[in-house]
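Here the protein sequences line up with chains A and B, keeping their order. By my numbering, the letter at position 264 of the first sequence is numbered 264, and the numbering carries on one by one without gaps. One rule links them: number in my numbering = place in the second sequence (from 1) + 333.
Keep in mind that the hints are not guaranteed to be accurate.
Stated by the list, open to error - Lysine to aspartate or glutamate pairs mimicking EDC-like chemistry, simulated, CA-CA at most 20 Å apart:
no., chain 1, residue 1, chain 2, residue 2
1, A, Lys185, A, Glu68
2, A, Lys77, A, Glu106
3, A, Lys289, B, Asp401
4, A, Lys267, B, Glu571
5, B, Lys625, B, Glu540
6, A, Lys298, B, Glu395
7, A, Lys298, B, Asp401
8, A, Lys289, B, Glu395
9, A, Lys289, B, Glu570
10, A, Lys267, B, Glu570
11, A, Lys177, A, Glu206
12, A, Lys267, B, Glu395
Said to hold, decoys possible - Going by beta-carbon spacing under 7 Å, a handful of chain A positions derived as facing chain B:
no., residue
13, Glu225
14, Gly226
15, Glu263
16, Thr264
17, Lys267
18, Asn269
19, Glu271
20, Leu285
21, Ser287
22, Lys289
23, Gln295
To be verified - DEER-style ranges, computed between Cβ atoms:
no., chain 1, residue 1, chain 2, residue 2, range
24, B, Ser366, A, Tyr148, 35 to 41 Å
25, A, Asn269, B, Leu496, 19 to 25 Å
26, A, Lys216, B, Ala372, 29 to 35 Å
Hints are computed from structural coordinates only; laboratory data are not their basis. Everything numeric in this text was worked out from a predicted model, so none of it was measured. Heads up, the beta-carbon is just placed ideally off N, CA and C, and yes, glycines get one too.
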Amino acid sequence: MVFFLSLISAANCQESARTKTVTPLDMDTLKNALSFVRGCNTAEDIWPRVVRYSFKIYDFKTDTFAQEEKTITIKKKPLRIIPHAVGVADILWAICPRKRLVAFNEFSADPEFSFIAAEVRAKGPIFQSKQTELIIGYQPDIVFTVFYSGGDFKEKLKQAKIPYCDLGYFGTIESIKDQILLIGKIIGEEGNAQALVKLIDNKITELKSKLPQRTKPIRVLYYDEGGYIPGASSNFNSICKIVNVINVGAEQGIKSWSQIDNETLLKWNPEVIVVPEGSNLKIQLMSNKVLSHAQAIKNKKVFYIPGVYLRVDSQYMVLSANLLAGIIYAQPS
Amino acid sequence: MPNHLKFITKKEFILFFGLSGLIFLGGFFALTSGPWSIAVTEVLKIVMVKLGLFSGSINNVETTIVWDGRLPRFIVGVLVGFSLGGAGTIMQGLFKNPMASPGVMGIDSGAALGAVVVLYLGLAAKSLFALPLSAIVFSILTLIMVFTIATSRGQTSISTLLLAGIALNFIFSALTSFVITLSTREFDVGRVIVTWLMGDLNNRSWEHVSIVFPTTLIALIGTLFFVKDLNILMLGEETAANLGVNIRLARNALLFFSSVETGGAIAVSGVIGFVGLVAPHIMRSLIGPDNKKLIFFAGLLAAVFVIYADLFVRLIVKVDLKIGIITSLLGGPFFLYLIIKHRKRFEYM
Numbered sequence: 001m002v003f004f005l006s007l008i009s010a011a012n013c014q015e016s017a018r019t020k021t022v023t024p025l026d027m028d029t030l031k032n033a034l035s036f037v038r039g040c041n042t043a044e045d046i047w048p049r050v051v052r053y054s055f056k057i058y059d060f061k062t063d064t065f066a067q068e069e070k071t072i073t074i075k076k077k078p079l080r081i082i083p084h085a086v087g088v089a090d091i092l093w094a095i096c097p098r099k100r101l102v103a104f105n106e107f108s109a110d111p112e113f114s115f116i117a118a119e120v121r122a123k124g125p126i127f128q129s130k131q132t133e134l135i136i137g138y139q140p141d142i143v144f145t146v147f148y149s150g151g152d153f154k155e156k157l158k159q160a161k162i163p164y165c166d167l168g169y170f171g172t173i174e175s176i177k178d179q180i181l182l183i184g185k186i187i188g189e190e191g192n193a194q195a196l197v198k199l200i201d202n203k204i205t206e207l208k209s210k211l212p213q214r215t216k217p218i219r220v221l222y223y224d225e226g227g228y229i230p231g232a233s234s235n236f237n238s239i240c241k242i243v244n245v246i247n248v249g250a251e252q253g254i255k256s257w258s259q260i261d262n263e264t265l266l267k268w269n270p271e272v273i274v275v276p277e278g279s280n281l282k283i284q285l286m287s288n289k290v291l292s293h294a295q296a297i298k299n300k301k302v303f304y305i306p307g308v309y310l311r312v313d314s315q316y317m318v319l320s321a322n323l324l325a326g327i328i329y330a331q332p333s
Numbered sequence: 334m335p336n337h338l339k340f341i342t343k344k345e346f347i348l349f350f351g352l353s354g355l356i357f358l359g360g361f362f363a364l365t366s367g368p369w370s371i372a373v374t375e376v377l378k379i380v381m382v383k384l385g386l387f388s389g390s391i392n393n394v395e396t397t398i399v400w401d402g403r404l405p406r407f408i409v410g411v412l413v414g415f416s417l418g419g420a421g422t423i424m425q426g427l428f429k430n431p432m433a434s435p436g437v438m439g440i441d442s443g444a445a446l447g448a449v450v451v452l453y454l455g456l457a458a459k460s461l462f463a464l465p466l467s468a469i470v471f472s473i474l475t476l477i478m479v480f481t482i483a484t485s486r487g488q489t490s491i492s493t494l495l496l497a498g499i500a501l502n503f504i505f506s507a508l509t510s511f512v513i514t515l516s517t518r519e520f521d522v523g524r525v526i527v528t529w530l531m532g533d534l535n536n537r538s539w540e541h542v543s544i545v546f547p548t549t550l551i552a553l554i555g556t557l558f559f560v561k562d563l564n565i566l567m568l569g570e571e572t573a574a575n576l577g578v579n580i581r582l583a584r585n586a587l588l589f590f591s592s593v594e595t596g597g598a599i600a601v602s603g604v605i606g607f608v609g610l611v612a613p614h615i616m617r618s619l620i621g622p623d624n625k626k627l628i629f630f631a632g633l634l635a636a637v638f639v640i641y642a643d644l645f646v647r648l649i650v651k652v653d654l655k656i657g658i659i660t661s662l663l664g665g666p667f668f669l670y671l672i673i674k675h676r677k678r679f680e681y682m
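All chains should be built: construct the whole structure from the sequences, respecting the hints.
Rendered as structure tokens:
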């Protein structure tokens, strides 16, 4: 028991990368800017409206993207909206008047997953993702589901005659911008959506302008529990692209996520390794004999990063990129 | 030489060298193959220098890869296989049932629950020893529970032991599923748990060897003290009692040692199915039911299974396929074949 307790207290003493890192852009200002955006609505407020959109999903079986065209008819301007995923909640929080958001799922209220967890908890109500009855009970005008929401959940909504919009891939900043514009069109907030997309572009440009110029980009590897590494279709890859670094997993041919052994990690030899905060992976990697020859280990370039920054699939990806840039280029003080 | 003076028959001699040869060959492939290309001569030189059989300069990086990466993984594979084969032999002998394995007593699922809880609480990520320790403790606790349930007025019934094991199996499996459900919130932890439940020898180190080596050795030595009793117990409890066997002591000790073996193996490798069931069964058909020999031979065969399954996963498939999937995929159909071939015999058991 004493052994277990000492382990837990050691974990609690772990330094937070978020609070110790000097980032190119101020984190709080950036987060506030991305959390509330208002633009001019130039589109006509005509209802019902038919929205055609491209639904793109990642097929994990074949490591390829599948795409199909979908159409949704919205009879009246949705005034009662429920997001069924964190990324959608993030976007709606920024572009939609908040009184129209009637409920949030549990992940949106969890700081491990959501940047707006505190605000969401304060506003509420919160439902568990599988509590279909509760969601139906809120009588929403529209529910934003995602490709992993589950067929049974969507079927229940259909049976209850509750309109839902199924959203696809959110893994890159470009796909996130597409989703923002689509959500804006569906809820009748095109101006705000366009403003948020513009803000993302501006902030990325500003961030890039503050990055040091390098002839050779830094090679960064994200090492998760169990030795899992994200590849080309992961949001980490998109974050790396924003800050002009190479995601070693993608460079070495990983598509989504793959498990590697220590010998492979040594062979790939990244310059920087980032690991999720709350784990003990930094200590494990630094003390591993096989990895003692890897340059990131030798140069002590293994850094913790809070999980929420790595799981992000919304406009807050810019926030993640800003933190990663701070860690890689400036490094924690 | 008269037959009763022969320590080992010609068939057993051939089998012993065949299995040992396969293990050495597996070791050769395990040490010389991997993502980092190292010449065979260099690997041999590293091993000889490290064993003090040769002096010369060796590359630091390559030495670390071979000596601290590939070799402990191979040794863990051998010890895990040997433990599972040995534990399966004890169980099948004790229960006089070819379907018996450490799994039927709930020891597998108890150890798995212990490991999964530690993974879920995040303690496995904080210390290399947390998970193995928990798996071993849970496997022994399971054994104590099964015995407590099955013992009445100082008598332990074999059939009640078996039934209690099956019941605990269901309970622990349900609890493991519950922990997995909880862990889906943190999908990275959930992924590690699922991977572990499929059996894995990835990134095993000397620390893992230091966990599984003592459990294997203690269990083997302990079992050897009672293996003669195990042979007699297979003739029936009444006969064993008449022949002066302390049935209670022998049975409890054998079950304890098989739990230690299973717990130690699962602790470092995760759940590797079917090896403990199939290896003793095959060996029994080849060398007969004498458990003195069977424990060694089943252990060797199980080690071969585990080593080659790991090589297959590591060098041939190279995707996220786990060792436990391979052993079950190959072991399952083979076991079905044995059942069909010998079904007449099973009907009368």
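Verification of the supplied hints:
1. Of the pairs offered as hints, the one joining Lys185(A) and Glu68(A) holds, with about 19 Å between alpha carbons and a cut-off of 20 Å not exceeded.
2. Our distance criterion of 20 Å between C-alpha atoms is broken by Lys77(A) and Glu106(A), whose separation comes to about 26 Å.
3. Between Lys289(A) and Asp401(B) the alpha-carbon distance is near 7 Å, which keeps this suggested pair within the 20 Å criterion.
4. The suggested pairing of Lys267(A) with Glu571(B) is violated, with an alpha-carbon distance near 62 Å, which exceeds 20 Å.
5. At most 20 Å may separate the alpha-carbon atoms for a hinted pair to count; Lys625(B) and Glu540(B) exceed this at roughly 30 Å.
6. Taking the CA atoms of Lys298(A) and Glu395(B), the gap is about 16 Å. The hint holds against a cut of 20 Å.
7. This hinted pair checks out: Lys298(A) and Asp401(B) have alpha carbons roughly 17 Å apart, not beyond 20 Å.
8. Taking the CA atoms of Lys289(A) and Glu395(B), the gap is near 12 Å; set against the 20 Å cutoff, the hint holds.
9. For the suggested pair Lys289(A) and Glu570(B), the alpha carbons sit about 52 Å apart, so the restraint of at most 20 Å is broken.
10. Proposed proximity of Lys267(A) and Glu570(B) is contradicted: the alpha carbons are some 59 Å apart, above 20 Å.
11. Using a Cα cut-off of 20 Å, the hinted pair Lys177(A) and Glu206(A) holds, with the two alpha carbons roughly 17 Å apart.
12. The suggested pairing of Lys267(A) with Glu395(B) holds, with an alpha-carbon distance near 11 Å, which does not exceed 20 Å.
13. The interface hint given for Glu225(A) holds, since its Cβ lies 5 Å from the closest Cβ of chain B, which is under the 7 Å cut-off.
14. At about 4 Å, the closest approach between the beta carbon of Gly226(A) and any beta carbon in chain B falls short of 7 Å, and the interface hint on this residue holds.
15. Given hint, Glu263(A) at the interface with chain B, holds; its Cβ is 5 Å from that chain's nearest Cβ, closer than 7 Å.
16. Satisfaction of the interface hint for Thr264(A) is found here, the shortest Cβ-Cβ separation to chain B being roughly 4 Å, below the 7 Å cut-off.
17. Residue-level restraint check for Lys267(A) holds (minimum Cβ-Cβ distance to chain B is 5 Å; threshold 7 Å).
18. For Asn269(A), the shortest C-beta to C-beta distance to chain B is roughly 10 Å, which exceeds 7 Å, and the interface hint is violated.
19. Using the Cβ-Cβ criterion of 7 Å, the hint placing Glu271(A) at the interface with chain B is not satisfied: the shortest such distance is roughly 17 Å.
20. Against a cut-off of 7 Å between C-beta atoms, the interface hint on Leu285(A) is violated, since the closest Cβ of chain B lies about 11 Å away.
21. The interface hint given for Ser287(A) is violated, since its Cβ lies 9 Å from the closest Cβ of chain B, which is over the 7 Å cut-off.
22. The interface hint given for Lys289(A) is met, as the beta carbon of that residue sits about 4 Å from the closest beta carbon of chain B, less than 7 Å.
23. Because the closest C-beta pair between Gln295(A) and chain B is about 11 Å apart, greater than 7 Å, the hint is violated.
24. For Ser366(B) paired with Tyr148(A), a C-beta distance near 37 Å keeps the hint of 35 to 41 Å intact.
25. Distance hint check: the CB atoms of Asn269(A) and Leu496(B) are about 55 Å apart, inconsistent with the given range 19 to 25 Å.
26. About 30 Å separates the C-beta atoms of Lys216(A) and Ala372(B), a value consistent with the hinted range of 29 to 35 Å.
Violation of the numbered hints given earlier is confined to hints 2, 4, 5, 9, 10, 18, 19, 20, 21, 23, 25; the remaining hints are satisfied by the structure.
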